[in-house]
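Asks: Listed below, chain by chain, are the residues.
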Amino acid sequence: MPDAEWLFDGTLGILLLVLAGAALHARSLYAAVVMFIALGLMLALTWARLGAPDLALAEAAIGAGVTGALLFSTLYKAGMDRHKRATPNRIALLLPGLAFLLLLTAAWPLPEMHSPLPDQVMAHLKDSGVSHPVTAVLLNFRAWDTLLEVSVVLIALLGVRQLYPSHGEVPTPWPLMLAWGRLLAPLTVIVGGYLLWRGTDAPGGAFQAGTVLAAGGVALRLIGVLPPLGWHQWPVRLLVLAGVLVFVAVAALTAWLGQGWLHYPTGSSKVLILLIELMATASIATTLTLLVVGEKRELRP
Amino acid sequence: MSTTLFYLAIGIGLWLMGLHGLLATRQSIILVLAINIMSSGTFMVMVALATHSDPVDPVLQALVVTGLVVAVSATALALRLAASRRRRTEDDAT
Amino acid sequence: MVSWTWLLPLAIILSSLIPGLLIFSLKERQEKLRTFLNLTGALVKMALVGVMLYGVSNGVEFRFSLPFLPGGGLLLKGDALSLQFVSLSSVLWLATTVYAIGYLEDSPLRSRFFGYFSLCVSATVGLALAGNLVTFLLFYELLTLATFPLVVHRGTKAALRAGRVYLVYTLAGGAVLLMGVVLLHTEAGTPDFVPGGYLSGMDSEGNFSSTVISGLAGERDFTLTVAFVLLVAGLGVKAALIPLHGWLPQAMVAPAPVSALLHAVAVVKAGVFGLVRVVYDVYGIESVRELHLNQPLLWLAAATIIYGSVRALEQRELKKRLAYSTVSQVSYIALGVALAGPLAATGALAHLVHQGLMKVTLFYCAGNFAETLGVHRIEGMNGIGRRMPLTMAAFTLGALGMIGVPPLAGFISKWYLGLGALEVGQDWVLLILVASALLNAAYFLPLIYRGWFAAPPDEWPEDKRWPALHPLLGETHWMLLLPALFTAVLSLLAGLLAGLDISPLAWGQLIVEREFAP
Amino acid sequence: MNPALLSLLTPLATAILMLLCRSRAAVWTIAASLLSLVAAIAALYQVTTDGSQLIHLGGWESPLAIRFRVTALSALLLAFTALIHLLVGLYAARSRHSQTRNTDYWPLSCFLHASLASLWLSTDLFNWYVILELLGLTAVALVSLAGTKAHRAAFNYLLLSLAASLCYLLGVALLYGRYGVLDSLLLADMLEADHTTRTALLVITLGLMLKAALWPLHLWLPPAHAGAPTAVSALLSALVVKGPLFVLWMLWSQVAPVELGRQAGPAMAAAGVAALVSAGWSACRTPHIKTLVAYSTVAQLGYALLALGMLLRWGVRELHVALWLFVFAHGLAKASMFLAAGEMQSTLGSKKVSALRGATQTVPVAMFAFAVAGGSLIGLPPSGGFLAKWVLLQPLLLEPSHWPWALGVLLGTLASAAYVFRVIALSFDRAPPPRPDYNPDPVAQWLTLLPALLVWGMALGGETLILWMSGVAY
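Residue numbers (the working numbering), protein chains in the order written: chain A, 1 to 301; chain B, 302 to 395; chain C, 396 to 913; chain D, 914 to 1387.
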């Protein structure tokens, strides 16, 4: 049914653009953020439509979930709702218009092109230790990218640590929220663990799992079950750093004793990848929780 | 016009919308949203490109996962900076 | 003998550089140590220069090189021309150091002053010993940097303004010079300076050919001409050729020893010395003539001579008058170079030394008047000879020399310049020389008249007295008086004994023989 | 282990361990920089004896995995990065004014070091994207160490850096869509001058120019670099802006089709000259010391851009040498200049240029460091800056038709002389009576002088350096 497909694609595409425009030009910041989160959900839908379930999961968890939480907490903390609407700027309109034509003509021939990489990934998949190609790329073929990416998450936390602390204490939770939170938290652990495990042979993986766990962590913190988390607590630091630490240790050891930088020894690929994923999940979960709920101020008292 | 090309166009459109937002506004939260829209556009271009191989190109998917995580980290930092910057301007005013 | 010859050029530079760096680290009150370092450096340098003079006249080659740029290393070389300049600067450095110690007694920031003072002399000597254009450029820029703190030393508004003007001119000049040097380097590399000019010995492909001056191709001519213009423009700033002379009169606000150094030894001379190097040892007389470049340079020099003298006549402030006089007098050297004949060249090279000796005397005296009696302007000089006869006598010697009264030093150089002009058939230059001499007389004779014959005022603006070494020398501080007398006597001797083998004139003839050798 | 990898691993591992053990020890950072420097020198030695080498990460073959390439240049850049970190670390550890006490400066600077090291080694377009993000976020975190007053600059820096990365990423996506590989060395043989490639390169170039603060996309740099803590300013100006420049150079000189380079070259060179003049002018006008130094960075990057543009236009080999000599000389000189400016500003208690009145008397050594570093920026002989300018000028002066570009260099020289001497002239004024809290630290001042002395020392081995750099493969 090509017509129905076109209808779906067309609606989705237009909806995406409209939501983006609405987020940028909404009358209040609150509305803008809501539009943006809706945009995130539509994007997740789009990824699913385009046959990328890993991304759909990641987008739902990271793009819509974490970013939304961050946006709302910023709005709440900074008490911002005054918003001057963007003044129509002729350059701001004209420039993208011209650029659109340029980029579109550049992209025009691309659907005809083919890349040798997917075939190579498939050819080497069995040597990689995992059976899901995306995970193989992330944690084996291009593991160095992933190592740096885990560092990026860490740096974001370090950067936030240098700023003002988040405002005040967590508000007293409602009873209903308490109940929900207690129910939600174990659920997130189960879902996260499942996503992580499944990641080796089907969509899912460290980032998605970490994000889901972080959601649980945030919920627990909000209802006051979790104590305030702080950088000064060594378990917290260890959790935050575990991903990078293990990753770098593996890289160093493979380079020093093994065959080369991040060249996993034959046979132990799966174990190493699982270890790294596990640690990365813990780190991402802790880091994101800290990023959203903030931590006690300790620098520059 | 194939599906791939359609989503490429949408991706470019989103990217440019983000760029437009960056140029047109001074509100820090909106600026962060604009950046995020821009990155979504980029990712959509990448995912659309991924569909023209069968099965869907795992390399591009992996790159987008990496990109998403980078984007969310940067957003977290940007939002906290925006809040802190705002507080400072308020401190100055009082 | 061979083992130490490479060391000597370096040692000559270090003999002032090391004391200079040490002086920076001294405390303000360590006066004795500072003086000791200064004088030791100056004396050691003179001794080393003496050794080198002896060596060069016996044909020993002094050469120190260090790889620095591909095809243009750092090269220090002692040849006859460099020694002319090195000897001048080392002798005058000693005199000026003594003078400066007396002049700056009890003033603040002396460590800084003497530190830069030594650096300035090191740069000058390095520039004189430079064996190729890159090395020359290097020391030329260092000289700018070392002199700037001296110009602004007083830290007054006027001094800072003058310093800024000085920087604008000299840094722009340095940048233009750099362009010229690089342009020439792309055309011909940067070989050592060669008497007769290395470009004259090259064919259009840039190879040295055995047949001197083969045909220079058209584009190469154009490049060489542009490079020459850039080099002359860059050097002309320090040599104060019009219209690039604007910084010199302003720099007068510097303390008197600095002015003496700027005018007689370091900055202005560095510019002219560079001109000599470029015309003789880079292009060679033949090439310059062939490219028709000497005639414009000649006009420029002649115009500067007349312009400087006319402006000097207008000035009512003594140091300003002397400054414009420098603009005029230094161009005699450029004139001699541009005339491109052996006699004129001899005159120019002799004038390099003569002008230095005379001008430094005049500045010492002007400084003495200002320091002792507070006299800055020409009107204040009435009867000053009665209060300060020795200083006024030195001043008179210097001024008469400048006018060119025989048998003083200035006469010798002007005589040779005149003969040189006739030799190459540029008779109109004689008119310039005569006109300039008349103008010189017009602005110097009234000073001499006022000093000796006009009635002194009832009271001097200020009247300082220092404990005298000897009753005869009691008119001012002995450290201010002796250098002035010393250089005045030297300038007298340079004229009287011009026929001797050791005179500046004879040395100039030696250089010219080598330059114009077929 | 390969010494180049060791040079990268050392700061990375040190940063993590420092965070874990909650030690902000300067000693560890300095030791790590030193070790990294030694490893980089070993890598340099290895490369010069055995030739450049490729490291396949994870042992996979090239289109599939990321490759590292150790060339003479990347080894040199590794050594340079470690050296600058070492010098700045020494100052930061000693000075009271480095604003590094009780903050995460040390681990963050180690991360900065590690990300730069991986940038020099990598050859993968997407890997560069991640590194550029890492670099940008680390730099922003470091800028925000200066406290709330720097947050506005940090925020703008972050936004522009992100936008630039996204420009870059879009271009990379287009290139991947067109050619199907991400490895720049493989792309080098594949690229054709078609519309897609052209557009992709345009978008990438714009992104990188924004990140490297190349004129006219430089406006974010002065507030960010001037507002950062002193040691951070030095690192940012000396190293961080060079990262995107490296990628730009790699892409255009190694990957892009020659005819595209020919077309783009003059535009880049013109932007370079414009940077020299306009940023030089701004530096002469600004009332703040560190802003002056920051504008000088923008201006000096103009030289690099000019060299790159001319390189693309004419393909003259010497211009590679000129470009990288500029980078090295500017890095050392600028580190010294920022440290000196920061030290003087803190000792004298004012951010204004006018506060430097009489600085030769109140903070003599720091002022001397400023002047010495400035001399190299102007290109006075015999400094590293002079070497670079010498190599740059030769091809420019070779043909009369190229001379207008040489005029650009002349203007740049004059502009830099103007802003450097603007400060120096003021410092020779008579000093006002010192403030009550005036308490200079001579040792810290000497440490600011160290990089400047090294840049002048570069000239001592100038001939060897230039000949060696002309000889190595690019």
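One thing to keep in mind: the hints can contain errors.
As the list claims (entries may be wrong) - In silico SDA-like cross-links for lysine to any residue, where the CA-CA straight-line distance does not exceed 20 Å: (1) C/LYS422 x D/LYS1062; (2) A/LYS270 x A/TYR194; (3) D/LYS1265 x D/ALA1177; (4) C/LYS552 x D/ARG1270; (5) C/LYS422 x D/PRO1355; (6) D/LYS1265 x D/LEU1339; (7) D/LYS1264 x D/PRO1349; (8) C/LYS715 x C/LYS859; (9) C/LYS422 x D/PRO1277; (10) C/LYS552 x D/SER1267; (11) C/LYS552 x D/PRO1349; (12) C/LYS472 x C/ALA406; (13) C/LYS552 x D/LEU947; (14) C/LYS427 x C/LYS552; (15) C/LYS422 x D/TRP1359; (16) C/LYS422 x D/ALA1331; (17) C/LYS859 x C/ALA836; (18) C/LYS552 x D/THR1061; (19) C/LYS422 x C/LEU432; (20) C/LYS859 x C/ARG772; (21) D/LYS1062 x D/LEU1115; (22) C/LYS715 x C/PRO638; (23) C/LYS422 x D/LEU1132; (24) C/LYS427 x C/SER506; (25) C/LYS552 x D/TRP1359; (26) D/LYS1264 x D/THR1061; (27) A/LYS126 x D/GLY972; (28) A/LYS270 x D/GLY972.
Claimed, not checked - Okay, the calculated bits of chain B under chain D, using three or more residues with CB under 8 Å as the criterion: (29) 318-329; (30) 335-347; (31) 373-381.
Claimed, not checked - Per the computed footprint, the stretches of chain A lying under chain D, defined by three or more beta-carbons under 8 Å from a beta-carbon of chain D, are: (32) 11-24; (33) 94-106; (34) 145-152; (35) 251-260; (36) 270-284.
Because the hints were derived from the structure by calculation, they are not lab data.
Ideal Cβ placement from N, Cα and C applies to all residues, glycine included.
Asks: State the violated hints by number, sorted upward, taking the hints as numbered earlier in the document.
Replies: Hints 1, 3, 8, 11, 13, 14, 16, 17, 18, 21, 23, 25, 32 and 36 not satisfied by this model.
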